[in-house]
Amino acid sequence: MKGIKLFTKSNLRDSYDSLQNSIKQLLEEFPSLDWSYMNNRENGELFIDVGVSYNPGEERPLVGLWRLDSLEASHGMAGFASGNIHHINTLNFYGGLQAEMAKSRSLQNHIVFRSSYNLAYEVTRRVNNRRDLFKEKSVYELDPDFLWDIDRAIKLYENDAGEKSFGVRDEFRIGGQAWDIFCETAHESVSQQVLQQRHS
Amino acid sequence: MLKSGAIVWIPSKIWFSFLAKRLRVLRDTQILLERREAPNYGIMTGILAYMMQSVIFTPTLVSPFVSESLDLLYYKQVVDRFGMFFLHDLDLTLENCLPSVLDRDDADVLGAMGVKARKKKARMPSPDTEDEDEFPIGKKPNWKQVERCLKERPWVLMKQWRWQPEWGDTLDRASQLFILFTVHMWASLNERWHAPGASAVHPTTLQEALEQWTIKGVHATAASVNYLACNAGLLGSVKGQRVKSFADRVDVYFPPIGEELFGVWRPLGENPGYISEYREEMNGLNLVDAELLRDGLRQLLSHCQCLPNGRRGDKFGGRNAIWEVNGSSVAVLTNPLFYKLERISMQGTKSIQKRRAPTHTGSKKLQQAMLEHRGVQPDVARKALKAKRSMNLRRSMKAKNIRAPPKKKAAVKEAMVVASSPMYMEEGEVSREEVDEEVSGEEEGEEVSGEEEDEEISREETDTEFSGEGSESERSDRDSYGESDEEDEG
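Just so you know, the protein sequences line up as chains A and B, in that order. With our numbering applied, the first sequence has no gaps in its numbers, which climb one by one up to 200 at the end. With our numbering applied, the second sequence has no gaps in its numbers, which climb one by one up to 490 at the end.
Chain B on its own, in the form it takes in the complex (with noise of 0.2 Å):
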């Protein structure tokens, strides 16, 4: 067998990084097509799986859908002519990217990946179909409401993002700082979180940076994303500690110039970070003009629809954080200027739970219970019961003010407390060498029982130290404890 060549032999470095890229194209596929929502994700989760499979082990188990999209594709004859499986037809641009195969799940398929646990997320709509509704979820929404939109279908809650020419007039450095902010921001955000095949976050103009902090621009710059409900200037009622808002974070993400940055954000406070030139930028400036800047930037940050969740912790601790991920998703904040509503209402939240009726009948009812049943009438039992509570009323005040003497206690603690205060000492009749004598003899009496007790376990372990060995003071230890070791030889 072996004459005929039968093993072949590849640079090790060649095949690893074959099968890496393959994994890896796979993996970005996958990605690329859960985020288009494609009507048939199902079965091109299928294909790609047994693919992906496929470079570790074989797979064993293959759904009948997946081994009939692999005939579809004519698997064996793909793999007979060109010696391995390629999707030849797949292409991404196009709606129904690999034609060959169903072009729709069908509820096999959906049953196989378990979708009902899987909550459909809803479709981005294109611009232009946006829905004008002044308010979609109506006026008064309460909080939670307003928290499940924002997560399932932002774009409907939130105001469509559009471009005021009249930003153009900010301040031209406040512009350089938030389209370095941006990059930097961003570039901060893990590779593992971009999506796939997203290019790097480069805006040049004010209105490039801002797009980035769009709905639309962090969806499509970032790998999956859970959008945060923010409370800042809402009216109505809202639970929990009010938020900054947009315009107040401003010293979030622009710390002011005495405030020490610690981990993720020390980099961006030294050249050429954002910070670090933001703070030589205020440096140079008088009041008037570095408050002008700082307002610059807080009508740049307000205009955003989405910022990170960031936050910075000081010498004592915190958290410092840009972003934050949630789970598999990337949390970010939604600005509340935006939500289309009018105010947040309690309506439809849960009323505030009220105190449940206590689980015994009180003392007098249960007492007058009791009587009724032995068969005192009902008034006569109240009366009998109240001439009982009142037996300490008729006390007279003397009698009722007069200090029950403390009841007598042990010799020996009675005695300790006498020696431990010595203001008294000439009234107690115990003096303190005595105490100390009857305290240490108690205590010696108990280490000598301690010893005891030692001995006694120390015994132990030698006898079962020596019993594995069989040596002859085992022997002579057995006669000793003859009576368990003979169950052992026997």
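So here's chain A without its partners, still in its complex pose (with noise of 0.2 Å):
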């Protein structure tokens, strides 16, 4: 389902349930699904995206840049598909990685496909998640649609975006089956971690 982020958000430090919680969240919200139906593998396979949102809990407004070499250290333990590098900018170092678990594995550990990436790209991230700016035959004929753009860009970034904070995001497709153990293991792997790695 597209767009529903918004209403199954719940914070990882508040409580161990808290991933539970916001499935009941997404219950109340939309009380037409049938979680236990959904869930029945008889009916079909459910998959559960899960975003597991790392924010600067500062005041001053940061941004996060997944570094390369860890994500891909951490998708090669876990068995992913090659999959497709980001880098951010031209960046070497800093970016993104989607790639899909390797199917043996997917069968054993439902997890079907994992995504990384920094949310600054949000700023100028179009409605339709399209990516289509900047095309080479706007910008060789200077076109007015290619200065809007550009400008609007620039002053993006130049005025809002720096009052704001951007953190990363290590997004699971995961099965059903996976949804409980994921929450049990979730808040230890994730939170404690970040929590002793910003004080250190």
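Please keep in mind that the hints were generated in silico from the structure rather than gathered at the bench. It should be emphasised that the depicted structure is a prediction, and the values quoted were computed from it without experimental measurement. The beta carbon of each residue, even a glycine, is placed where N, CA and C say it ideally should be. A couple of the hints might just be wrong.
What the hints assert, rightly or not - In silico EDC-like cross-links for lysine to aspartate or glutamate, where the CA-CA straight-line distance does not exceed 16 Å:
| id | chain 1 | residue 1 | chain 2 | residue 2 |
| --- | --- | --- | --- | --- |
| 1 | B | Lys13 | A | Glu59 |
| 2 | B | Lys364 | B | Asp379 |
| 3 | B | Lys21 | A | Asp160 |
| 4 | B | Lys13 | A | Glu58 |
| 5 | B | Lys13 | A | Glu163 |
| 6 | B | Lys13 | A | Glu171 |
As the list claims (entries may be wrong) - Quick look at which bits of chain A chain B covers, simulated, 3 or more residues with Cβ under 8 Å:
| id | segment |
| --- | --- |
| 7 | 54-61 |
| 8 | 87-98 |
Assemble the dimeric complex from its two separately framed chains, guided by the hints.
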């Protein structure tokens, strides 16, 4: 389902149950969803996209960028396919990584796909997620659309974006059966370590 | 994973202003290259577009020629070594600004850019190579040719601008006002339309100020220019309204004292705008000196090759604009005094369209054709038709002059006419009261039927309202409208 992210947000730092709470929220917001039916494998496989966002807890606005070597190591350890690397702004070490899980493994660990990306992209994200800015033809002709687009991007970066914080996100597409286990372990493996890292 | 310090945190201001700077520089470089008409402009566009896209997302479909160029620039190695891609060798002062890549666009590149659609702009020649051809597009070009030439290669049609020493004798005060006018005019053009890298316009001498209004000066200062033809004072057949000559435009740029200023012109009329200076100056002068000053300004304006196509509205409305932008370029008027031509001709323009033949055959001819088709001889048919037409002619004058009595109309309408013109009351037999009665009777009848309709509608509305809730009243309704609701239940 597209665009339900905001309804199912929960803060991992609050409590162990927060991930479970997010499902509760989802079901409250969309009463027509029948969770037990959806989770019954006889009716098909349920996929859940779980995004773990890491946001800076500081007052001053910060932007988080994934380090690609860490991401690659992590994806490699977890047995993901090589996937697509996205270098942000031609930077060698920073960007995002999207990859599918190898088939044989995904049958066992119920993880299908993982996408790690930087939320800073949302500043200039198009509503339809299309990536057709600055096409060669329009740049070549310096057509008004191009000039307008680039002016707007520059203005966005210069004015509003600098006042806001943008974290990073690690998004997993998991099978419904893995959900409970994910909930149990995520809290431990994510929040504590991040907190430690940030204060060290 | 997180223990490895997988996330780098950068203050938002630093990160985003870095992105903004990169985009801005890439854009300005692109615009500079476009103006320069470099032979490998397509290749450079590919590289710069790739870098611009990279700021915002990962470019997905990279044209083959772009990846080739990036290879030539050692993209991977540069990124490996410096952590990011830079064009270290880019030097915009060189003819070939990026030596590592191909110095000329090939057909593939031009194809990818859709160059066919884009007319290549001719390059502006350097002054010494100017073609001294007396009439480059002929002595008597037509207006279309003039317009086209000005649009594509204005420097071909326009005489070269040369500073004449005697211009230096212009009234000092007029020169100063003109310099101020030049500065303020250019300042009023939005930064967006200034050429990237162009310095602000600050002429100190009259010559510098006038040079700012030459094709060269305008070309160097404005981002992209569209030169408009001006028909003032041209000999020959010029279509449309004659516009003011450059000298006569003095009243547009230097409005007389009484005129109120609106819109973009208003700030110029307030201190320290040039118009306010001009008016102050005029206030202190006697009639003769004032006329001299105005004349000096007229002269200076007529020495300009180009001027912005400004216009002023008044309190009754009208557009207020100093500059005009057409599409993506600034439109400027060109001075017809500089055109290399004798007169404008009509040659080659479309001749005035002739009226086409009527669609249908005339009624006489049609009648005759129909008769002939019946087997009537042509001359017999003609005579018969003539006789038929002359029937009216044969009637006497008295018969022709008689007025046909008006046809009898419906009783009510007749009565209303009579009632509304009391002069004829005596003759008319229907009184006003009777008319009123008749009319109101009709209205009442209509109203009644209208109410009935309303009732019907409201009944339907309530019906639909209830059907969703399933209350008792619905059930009673269903009983009364049994037929349709049975279908629902089924």
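Indices of hints not satisfied (ascending): Violated hint (a single one): 6; every other hint is consistent with the structure.
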